[in-house]
Amino acid sequence: MVYFAEAVNTAVLAKGIMMGFGMIGPAIGIGLIGNAFMTAVGRNPEASKYLGQVLVIIAIIELMALLVFASVFIIK
Amino acid sequence: MISGLLSRFAIDPVIHITPLTVFTIKGFAITNSMFYGVICAVLILIVLITVARRMTLKPKGGLTQIVEVGTDFITDTLKGALGSEEKAVKYAPYFVAIFFFILFSNWLGLLPFVGEAFKSHGEPLTRPFTADLNGTLAAAIITWLLVQYFAIRESGPLKHLRHYFNGSLKNPITLLLGIFEIFSDFTRIASLALRLFLNVAIGEIIIAVFSALGGVAGSVTALPFTILELLVGALQAYIFVMLSIMYLAVAVNHDAHDDSDEPLTVDEVVNAEVGKASN
Numbered sequence: 001m002v003y004f005a006e007a008v009n010t011a012v013l014a015k016g017i018m019m020g021f022g023m024i025g026p027a028i029g030i031g032l033i034g035n036a037f038m039t040a041v042g043r044n045p046e047a048s049k050y051l052g053q054v055l056v057i058i059a060i061i062e063l064m065a066l067l068v069f070a071s072v073f074i075i076k
Numbered sequence: 001m002i003s004g005l006l007s008r009f010a011i012d013p014v015i016h017i018t019p020l021t022v023f024t025i026k027g028f029a030i031t032n033s034m035f036y037g038v039i040c041a042v043l044i045l046i047v048l049i050t051v052a053r054r055m056t057l058k059p060k061g062g063l064t065q066i067v068e069v070g071t072d073f074i075t076d077t078l079k080g081a082l083g084s085e086e087k088a089v090k091y092a093p094y095f096v097a098i099f100f101f102i103l104f105s106n107w108l109g110l111l112p113f114v115g116e117a118f119k120s121h122g123e124p125l126t127r128p129f130t131a132d133l134n135g136t137l138a139a140a141i142i143t144w145l146l147v148q149y150f151a152i153r154e155s156g157p158l159k160h161l162r163h164y165f166n167g168s169l170k171n172p173i174t175l176l177l178g179i180f181e182i183f184s185d186f187t188r189i190a191s192l193a194l195r196l197f198l199n200v201a202i203g204e205i206i207i208a209v210f211s212a213l214g215g216v217a218g219s220v221t222a223l224p225f226t227i228l229e230l231l232v233g234a235l236q237a238y239i240f241v242m243l244s245i246m247y248l249a250v251a252v253n254h255d256a257h258d259d260s261d262e263p264l265t266v267d268e269v270v271n272a273e274v275g276k277a278s279n
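First to last, the protein sequences are chains A and B. Read in the working numbering, the first sequence has 61 at position 61, and its numbers run on one by one without any break. Read in the working numbering, the second sequence has 97 at position 97, and its numbers run on one by one without any break.
One should not assume that every hint holds.
[What the hints assert, rightly or not] Some chain A residues flagged as far from chain B (calculated, every beta-carbon gap over 12 Å):
hint: 1; residue: Ala27
hint: 2; residue: Gly42
hint: 3; residue: Val56
hint: 4; residue: Glu62
[Said to hold, decoys possible] Derived, one-sided and incomplete: chain A residues facing chain B with beta-carbon distance under 10 Å:
hint: 5; residue: Phe4
hint: 6; residue: Val8
hint: 7; residue: Ala11
hint: 8; residue: Gly34
hint: 9; residue: Phe37
hint: 10; residue: Ile60
hint: 11; residue: Leu63
hint: 12; residue: Leu66
If you're looking for bench data, these hints aren't it; they were derived computationally from the structure. Positions of the beta carbon are idealized from the N, C-alpha and C atoms, including for glycine.
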């Protein structure tokens with residue numbers, strides 16, 4: 001009897017599914033922040049200097065995406 | 001691993017994520033990132049001490065100005081978070097030091113000879129200090145310890161613990177939320193360490209992959225990503241310091257429950273009444 005784990009390389013499959021589902025969240029989150037930034041600057045162009053500095057929040061969200069990318073190297 | 005038309009010119013990228021032992025001193029293993037970290041720290045100390053001796057009131061160009069720009073940047077962030085200038089100057093030395101350490105440690109990891117180029121016994125001899133989870137975990141733990149020390153020095157240990165539980169102590173939900181807050185302190189250490197390590201290590205991996213894809217012209221194909229890594233290294237250093245300043249500001253800031261504790265003085269009531277009467 002052939003087991004699924006012998007016939008199919010489940011490690012590669014797991015990595016692929018994890019990367020695919022994992023990157024959806026951070027990408028949508030960063031897009032939403034971009035949306036809010038552009039709406040706010042559109043209403044009040046002088047606020048672009050202050051709001052541009054808040055854009056470093058993107059790096060905090062990137063952590064989630066990078067955690068997914070790093071798990072690829074942890075799964076054997 | 002690489003197949004296709006041009007596979008005869010291809011080189012497999014060599015990627016290391018964990019640091020490897022270079023030599024041992026009396027049975028204590030020294031890894032390549034520790035080795036390069038010490039080299040970087042000595043270089044940074046030499047640069048910063050030389051700049052500090054050359055401080056003058058009139059601005060001079062060159063290296064002094066770059067360090068002054070960095071120091072002003074961090075002190076402005078501190079002033080915005082903590083409120084007053086003298087508090088910012090009191091806490092500035094550690095945050096400016098850790099900012100320059102992480103910044104130069106990231107940037108010095110992009111030099112050509114760091115990484116896979118120089119090998120001793122088949123292992124890379126040097127590795128950037130922040131591309132090692134041990135290094136960034138050490139930086140995060142020491143930052144957390146110092147933030148706790150500053151907060152306790154500012155307001156006393158019992159008041160600092162009471163700060164986690166906001167609300168009345170007889171409410172059981174306050175106790176639960178307080179314990180949750182204390183645990184989230186530890187996840188902050190992990191998130192600071194992981195963010196810095198992952199950004200720098202993944203940058204190294206990307207540079208390795210793209211220089212392997214280039215084959216003979218590997219140094220040209222990896223150039224745009226090296227420039228990107230300059231930006232990412234600076235941004236991650238700034239984010240590390242900015243987040244730890246925010247944690248310090250949250251722990252030190254007592255405006256929420258200080259103002260309501262003091263009763264109004266007679267002068268304040270009289271002035272308020274006079275102001276109301278004259279309007």
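Structure-based check of all given hints:
1. The Cβ of A/Ala27 sits about 16 Å from the closest Cβ of chain B, beyond the 12 Å cut-off, so the non-interface label holds.
2. Here A/Gly42 stays apart from chain B, with its beta-carbon at least about 25 Å from theirs, past the 12 Å limit.
3. Listed as outside the interface, A/Val56 is inconsistent with that label: its C-beta sits roughly 6 Å from the nearest C-beta of chain B, within the 12 Å cut-off.
4. At roughly 8 Å, the least C-beta separation between A/Glu62 and chain B is not larger than 12 Å, which violates its mark as non-interface.
5. About 25 Å separates the beta-carbon of A/Phe4 from the nearest beta-carbon of chain B, more than 10 Å, and the hint is not met.
6. Because the smallest distance between the Cβ of A/Val8 and any Cβ of chain B comes to about 20 Å, over 10 Å, the interface hint for this residue is violated.
7. Interface hint at A/Ala11: violated, since its Cβ lies 15 Å from the closest Cβ of chain B, which is beyond the 10 Å cut-off.
8. Interface restraint check for A/Gly34: the shortest CB-CB distance to chain B comes to about 17 Å, outside 10 Å, so the restraint is violated.
9. Taking 10 Å as the C-beta cut-off, the interface hint given for A/Phe37 is violated, the closest approach to chain B being about 17 Å.
10. Because the closest C-beta pair between A/Ile60 and chain B is about 7 Å apart, less than 10 Å, the hint holds.
11. Taking 10 Å as the C-beta cut-off, the interface hint given for A/Leu63 holds, the closest approach to chain B being about 5 Å.
12. Against a cut-off of 10 Å between C-beta atoms, the interface hint on A/Leu66 holds, since the closest Cβ of chain B lies about 4 Å away.
The structure fails to meet hints 3, 4, 5, 6, 7, 8, 9 from the earlier list, while all remaining hints are met.
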